[in-house]
Amino acid sequence: MNPDFLPTARPISRLIQEFNKLPGIGPKTAQRLAYHLLQAPPERSRDLADAVLGIKENLKLCTVCLNITDTDPCGLCADETRDVTKVCVVEEPIDILPLERTRKFRGLYHVLHGVISPSDGIKPEDLRIRELLERLSRTGITEVILATNPNVEGEATSMYIQRLISPLGIRVTRLARGLPFGGDLEYADDVTLSRALEGRQEM
Amino acid sequence: MTSRVYQTAGIIIKRHKFGEADRLLTLFTADFGKVRAIAKGAMRPGSKLGGNVELLTHSQMMLARGRNLDIVTQAQAIDIFLPIRDSLELMSCGFYLSELVDTFTEENVEDREMFDLFLNTLRELAEAGEGERILRYFELRLLNHLGYRPQLGKCANCSRLLLPEVNYFSPAQGGVLCHECGYPDMGARTISVNALKILRFWLRSDFATASRVKLSTELTREIKSLMREHIRYILEKQLKSIEWMDTLADGGHLNGDKAADQL
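Chains as they are written, first to last, in the working numbering: chain A, 14 to 216; chain B, 417 to 679.
If we strip away everything but chain A, and leave its shape as in the complex, we get:
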């Protein structure tokens, strides 16, 4: 439904339209959010507006890992308890969150800001690979963990980076490919199953 035709005041329909542009928010949710804000105290709107503007005004890229941050170096890079000999390479800043949630990794990160995609014309030069190589040459990193997404572009990017790093004598690993927890063998695809068999482990 086009919000233009809704019998609502212009400021409300404008807000609805803006919410509607966000991922995962359809017309109904947008309406609900807009009317919720209408009834909430004015501070709520002001805080929201501030927060929305804040991500555009105060954020920059960490000069070490290229994660999005408001301090430089970012909180992760500045944390002295972390293992500076390991760096985990991810495609996007958002990929750091799930990895951190596991609490299994105590090293640092490097954000590529994209992935090699020949069909979209995205080349290695468009990513932050050069920064990674520079970082490896001047710091004592001994292991690079490639954590790109397990799809063709992610694999291509990982294989390419592996090729660049291996002459440096640094250990290169990548995340295991296998069956998702809570999944079902019957529905596993052939690539995943092949990889899971290849990477099977002693129990």
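Calculated from the structure, these hints are not laboratory results.
Glycine is no exception: its CB is placed at the ideal position from the N, C-alpha and C atoms.
Please note that a few of the clues may not be correct.
[Claimed, not checked] Once the Cα atoms are required to be at most 27 Å apart in a straight line, the calculated DSSO-like pairs of lysine-lysine come out as:
1) 73/A to 41/A
2) 456/B to 34/A
3) 136/A to 656/B
4) 430/B to 136/A
5) 433/B to 136/A
6) 640/B to 656/B
7) 640/B to 430/B
8) 41/A to 656/B
9) 430/B to 656/B
10) 640/B to 613/B
11) 136/A to 653/B
12) 69/A to 99/A
13) 69/A to 433/B
14) 433/B to 34/A
15) 630/B to 613/B
16) 136/A to 117/A
17) 630/B to 570/B
18) 69/A to 34/A
19) 570/B to 613/B
20) 433/B to 41/A
21) 456/B to 433/B
22) 34/A to 430/B
23) 653/B to 433/B
24) 630/B to 640/B
25) 430/B to 653/B
26) 640/B to 570/B
27) 640/B to 136/A
28) 656/B to 433/B
[As the list claims (entries may be wrong)] Chain B residues, not near chain A, derived (Cβ > 10 Å throughout):
29) 489
30) 514
31) 525
32) 563
33) 659
[What the hints assert, rightly or not] Some chain A residues judged to face chain B by a derived CB distance under 7 Å, without partners named:
34) 165
35) 172
36) 191
37) 193
38) 200
Since the structure of chain A is already known, use the hints to place chain B on it.
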């Protein structure tokens, strides 16, 4: 009234993010030609579609006709071409092949011959472990099939029989020119006797026969640049995946000159 649900085998030639976890696929199917369809939730881990609708997978699919785009309801991979996926070089060939097929075909035009050619090429690529010769053969067969077959027997301008000497190749004239016609033509380039012989041989051979040819490095390079020029003339653009193939062929290093400019 056609049925709302249909089944076909297809190869995924393009896919884009669509919404949060859906993928918009471009399939080249055996029975319906090029089709665009949505694979819902394909990007979630544990999705039943997931790896079965990954790029360059040959899958048996069930689709439901939608108002705009069809929806993939089930998919089961038939061949995943694992050797292609395991190699950076072969995968770059795969990206190129899928872009070629996508660029040269129209949606919803059934073309079984094209499907078979494409599928056989992927099988060959996975088996041979080397791309150059296979790509060139595919390009020639593709042009031939779509009505762009270069004229290789007689001069494309004066129709005189070509002599076994260095002749000229002109994308604009759609084929080989004899010495007299080709020499003054600024858009034409030379073509060696051997290159011409191989192209003629490939045009009348199937995959098995064509693969018996062993090419020298020089000849490989000549046929590659010749075909590339021809295809660029027809499409009036350079395919995007070519650059990536070239980067890898050059040794796979970051472009030093460009990087120096940036610093």
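Hint by hint, here is what the structure shows:
no., hint, verdict
1, 73/A to 41/A, "34 Å, violated"
2, 456/B to 34/A, "20 Å, holds"
3, 136/A to 656/B, "10 Å, holds"
4, 430/B to 136/A, "17 Å, holds"
5, 433/B to 136/A, "19 Å, holds"
6, 640/B to 656/B, "16 Å, holds"
7, 640/B to 430/B, "24 Å, holds"
8, 41/A to 656/B, "40 Å, violated"
9, 430/B to 656/B, "13 Å, holds"
10, 640/B to 613/B, "15 Å, holds"
11, 136/A to 653/B, "18 Å, holds"
12, 69/A to 99/A, "31 Å, violated"
13, 69/A to 433/B, "24 Å, holds"
14, 433/B to 34/A, "16 Å, holds"
15, 630/B to 613/B, "13 Å, holds"
16, 136/A to 117/A, "32 Å, violated"
17, 630/B to 570/B, "25 Å, holds"
18, 69/A to 34/A, "17 Å, holds"
19, 570/B to 613/B, "13 Å, holds"
20, 433/B to 41/A, "23 Å, holds"
21, 456/B to 433/B, "10 Å, holds"
22, 34/A to 430/B, "25 Å, holds"
23, 653/B to 433/B, "25 Å, holds"
24, 630/B to 640/B, "14 Å, holds"
25, 430/B to 653/B, "19 Å, holds"
26, 640/B to 570/B, "22 Å, holds"
27, 640/B to 136/A, "22 Å, holds"
28, 656/B to 433/B, "19 Å, holds"
29, 489, "14 Å, holds"
30, 514, "7 Å, violated"
31, 525, "21 Å, holds"
32, 563, "25 Å, holds"
33, 659, "6 Å, violated"
34, 165, "5 Å, holds"
35, 172, "4 Å, holds"
36, 191, "11 Å, violated"
37, 193, "4 Å, holds"
38, 200, "5 Å, holds"
Hints 1, 8, 12, 16, 30, 33, 36 from the list above are not met by this structure, while the remaining hints are.
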